[in-house]
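Undergrad: If you want the building blocks of each chain, they are given just below.
Number of protein chains: 2
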Amino acid sequence: MTRHSPYTLHNRSSECRGRRGEVATQHGIVQTPVFMPVGTQASVKAVTPENLKEMGAEIILGNTYHLFIRPGHQLIESFGGLHGFMHWDRAILTDSGGFQIFSLKDLATITEEGAAFRSHLDGSKLFLSPEDAVGVQEALGSDIMMCLDTCIPFPADRKQTVEATALTGRWAQRCRDAHRRRQQLLFGITQGGMYPELRRESAESLIDIGFDGYAIGGLSVGEPKEQMHDITEATVAHLPQDYPVYLMGVGTPEDLVEGVWRGVDMFDCVMPTRNARNGTLFTSTGKVVIKNSRYRTDHIPPDERCDCYTCRNYSRAYLRHLFVSREILAYHLNTIHNLHYYLNLMKDIREAIEKDRYGAFRDDFYGRLEGE
Amino acid sequence: MTRHSPYTLHNRSSECRGRRGEVATQHGIVQTPVFMPVGTQASVKAVTPENLKEMGAEIILGNTYHLFIRPGHQLIESFGGLHGFMHWDRAILTDSGGFQIFSLKDLATITEEGAAFRSHLDGSKLFLSPEDAVGVQEALGSDIMMCLDTCIPFPADRKQTVEATALTGRWAQRCRDAHRRRQQLLFGITQGGMYPELRRESAESLIDIGFDGYAIGGLSVGEPKEQMHDITEATVAHLPQDYPVYLMGVGTPEDLVEGVWRGVDMFDCVMPTRNARNGTLFTSTGKVVIKNSRYRTDHIPPDERCDCYTCRNYSRAYLRHLFVSREILAYHLNTIHNLHYYLNLMKDIREAIEKDRYGAFRDDFYGRLEGE
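Protein sequence lines correspond, in order, to chains A and B. Quick note on my numbering: the first sequence kicks off at 20 and runs consecutively. Quick note on my numbering: the second sequence kicks off at 20 and runs consecutively.
Just so you know, these hints were derived from the structure itself, not from any lab. None of these values were measured; they are calculated from a predicted model. Watch out, some of these pointers could steer you wrong.
As a list, the in silico DSSO-like pairs of lysine-lysine whose alpha-carbon atoms are at most 30 angstroms apart [what the hints assert, rightly or not]:
#, chain 1, residue 1, chain 2, residue 2
1, B, Lys306, A, Lys64
2, A, Lys124, A, Lys72
3, B, Lys64, B, Lys306
4, A, Lys64, B, Lys64
5, A, Lys144, B, Lys310
6, A, Lys310, B, Lys72
7, B, Lys72, A, Lys72
Ranges between beta-carbon positions, derived for each pair [claimed, not checked]:
#, chain 1, residue 1, chain 2, residue 2, range
8, A, Lys144, B, Ser312, 13 to 23 angstroms
9, A, Asn311, B, Gly142, 20 to 30 angstroms
10, A, Arg324, B, Val289, 35 to 45 angstroms
11, B, Glu389, A, Glu73, 35 to 45 angstroms
12, A, Asp375, B, Glu73, 42 to 52 angstroms
13, A, Lys144, B, Arg313, 52 to 62 angstroms
14, B, Glu223, A, Glu73, 36 to 46 angstroms
All C-beta atoms in this analysis are idealised placements derived from N, C-alpha and C, irrespective of residue type, glycine included.
Pulled out of the complex, with its shape left as it was, chain A reads as follows:
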C-alpha cells in the first residue's frame, strides 16, 4: 500500500544536505529540523507542558519501556492516551523500548520472537514482541511510533552486526503488519552498526516495507564523533528524500548542527534536561558549570544572548545559590534554560536554511563557542 508521506519540504540548502520542512501529525504540524525534549516517564523532567509551549516545543518524546512498566499502557489509554494523561496536546513520539531493553544488558534476552527482560524496578519477568511494541504505542496514542529494534553495541564485529540488523528488519516487517491505528505514524529504524554497506541494506529493506519516516538507530553509543557523522551521512544517502529522517538519541549542540548539515530532520536527547539537573548550562559561548565559585557574585544571566524565562529574570549568582542549596527551583530554572537553548538553536538553524546561509550560520556558531 502506498502511503502519503507526512513530510513537506520547504527549502533545501545549496551548500549541504540540510533542509527545512515540516512533519504533519494528528496533534499539529512540527517544523523541522526539530529537537524533541525527552519526557521519559510521562513528564519532561522538572518542567510543565506550559513551560514547554512557552519555549516553542511542538513535539516531545516518551519512552515505551518506562511507561509499559509504570504506570502501564492500559491505564494511560484510559486517560485518552499519553496526551490526556500528562496534559500535553501537541505531538508526541514514543520510542519502542528497544534501546532501553538493550541498556538492561544481563537483564534482557533477545530472541527471534522478541525481547524477554526483567523490570529494572522490581525484577519481574516481562516480554515485548514487535507486535507488543506497536500495540503498546497505539494504546499510548503517540503521534509517531517507532518499530522495535535491536541495538548493536560498539564495537561489534561484522557477523554480530549482520545478524542484529537482519533481525531488526524482520521485526520491522512484523511491526508494520501489526500497525492498525494508521492515524498514528510508524517509523522504521535503520541499524547496521559502523558498516556503511549494512546501513544501506538496512535502509533498503525498510524502504521495501514502507514507513512514514526513517530513523537512524545505534549511533552515539561510544563511537568517535567523526564516525557518527560519517555513518549518518552514509545512511541518509540511502533514505527517501520525501520522508522525515530522525537521528535517535543525538546529541550535543554541535551534533545537531552537524546532523542537520547531513540531512537529519529530527533529534532527541536527554542532554539538555540531564545536564540542567547536574548544573551545566548550555550557552551561546559554551557551557556554564553553575556551581563554580567564579559565578558566586555574577550579576549577569546564564546567557546574555538568551531570552528564556530564566535568563530574563535570574542571575548566575542566584542560580548558583539555588544549585548549591539543592533547591528544587534550580532544576526547574536550569531545565527551562537548557531546553530553550536547544529549541532556539533549532529555530535559528531553520531560519538559516530558509535564507540559504547555513554555512555562514555554522561558522558563526563555532566562532562564538571558540570566543569563550
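Dock chain B against chain A, hints included.
TA: Chain B alone, transformed into the frame defined by chain A:
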C-alpha cells in the same frame, strides 16, 4: 516616637476576635488574615514567583539564619536585596533567625550579648546579636523584619521562662534602637511560654518599646493544640488592636481557622510546602496521601472544589505516577496545589469575616472535613 501603624481595619466579626484588614508595606498592601508561604533559602521550594502570584500570594517569608549563612546578606544586598535577588516584587517578611538558632540546640550558646552558634553547613563559628539581626534584615531589604528572640522549649519551668522572656525583651529594645531603615517595618515577638501572665508582661514590655506589629512566638513547639489556642487568645488580649498580630510558625488548616477566630492576622508555616514534597495534599475534604494505591486509576483531580493549576489539569492517578516515579514535576504540582489550598482558605476566611458569617464558615469547614 509615635509611629503610624501599618494596619488598617476593614471589618470585625461580631462572633469572635476575627478581623479583616490590611497591612501596608513598601512592596504593596497585604490583605489580612494572610498566610505567608515560606521561602527559607530565597526560594519558596519547587515553585516560581509567577506561580505564587497566580495563586494570589501577596507576601512570602525568608529566613535570616539561612540567608546569613548562605549566600550571605552582603551578596543579596548587592542585588537590591532579596526582592531583586530572587525576582519577587511583592512583600517579604524575614524572621530574625532566633528560632533556627534555637533549633541548633548543642550548636548554639545564648548569652546576654547574642547568639553564638556553628553553621549547620560547615561548622564555622558565627555570632548574631540583636543589632546584627536587624542589620542583616535591613541588608536583605525585607518589608517586615522580626526582632531577635530567644525561644523557650516545651515544657519549660517558670524560672527558665521568666529569664528567657526577659532576655527577649531586652533584645527587643536593642533591635528597636538599631533599626535605621524605617521604611522596613519591625515587629516585636512576645514570648512567655505557657504562662499567660508572662505572656501579658512580654506583650506590655514590647508595647512600651513600640513596634510596627506584634508576633506571638514560641508556640507550636510540642504543646497540646488547646494550650496553643489558649495562649494565643491570652496573648492577643494584651496586644494593641490597631497593629497587626502574627502567630509564628503556625500551622495546619484547622490552626489557621482557630487562630483567626482568636484575632490573628498573619501566619506562616512550612506545612503546605513540606507536605507537598512528602506527597500529602490538603483538600476541602481532608488529606490525600497521593502515593496510596487507591489513587492508581483515579481520574479526578486532587480536590474537585479546587481551581488551582494542578487540579484544573491533572488527575490523582497522574500525580501518583509522578510521585512514585520521583519526578521533579510531582513536587512542583503538589506544592502549587497545597499553597493554593492555604491561600484560598485565607481568601474564604476574609470573605466570611466581611460578611460577618465566620461562625457559619467555620462550621462548614469542619463539616466538610468530617464528611470524608
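Undergrad: Please go over all the hints and tell whether each is borne out by the structure.
TA: Verification of the hints:
About 26 angstroms separates the Cα atoms of Lys306 of chain B and Lys64 of chain A, which keeps this hinted pair within 30 angstroms; it holds. For a cut-off of 30 angstroms, the pair hint linking Lys124 of chain A to Lys72 of chain A is broken: about 36 angstroms separates their Cα positions. Of the pairs offered as hints, the one joining Lys64 of chain B and Lys306 of chain B holds, with about 20 angstroms between alpha carbons and a cut-off of 30 angstroms not exceeded. Pair hint Lys64 of chain A plus Lys64 of chain B holds up; C-alpha atoms about 16 angstroms apart against a cutoff of 30 angstroms.
As the CA atoms of Lys144 of chain A and Lys310 of chain B are separated by approximately 24 angstroms, the hinted pair is consistent with the 30 angstroms bound. Restraint check: the Cα-Cα separation between Lys310 of chain A and Lys72 of chain B comes to about 29 angstroms, which is no more than 30 angstroms; the hinted pair holds. Only pairs whose Cα atoms come within 30 angstroms are accepted, and Lys72 of chain B paired with Lys72 of chain A is accepted, the gap being roughly 20 angstroms. The hint said 13 to 23 angstroms for the Cβ distance between Lys144 of chain A and Ser312 of chain B, and at roughly 22 angstroms that hint holds.
In this structure the hint that Asn311 of chain A and Gly142 of chain B lie 20 to 30 angstroms apart at CB holds, the actual value being about 23 angstroms. Restraint check, Arg324 of chain A to Val289 of chain B: a C-beta distance of roughly 38 angstroms satisfies the suggested window 35 to 45 angstroms. A beta carbon spacing of about 42 angstroms between Glu389 of chain B and Glu73 of chain A agrees with the range 35 to 45 angstroms that was offered as a hint. Roughly 44 angstroms separates the CB atoms of Asp375 of chain A and Glu73 of chain B, a value that falls within the hinted 42 to 52 angstroms.
For Lys144 of chain A and Arg313 of chain B, the hinted distance range of 52 to 62 angstroms is not satisfied, since their beta carbons lie about 27 angstroms from each other. Taking 36 to 46 angstroms as the suggested C-beta distance range, the pair Glu223 of chain B and Glu73 of chain A does not conform, at roughly 54 angstroms.
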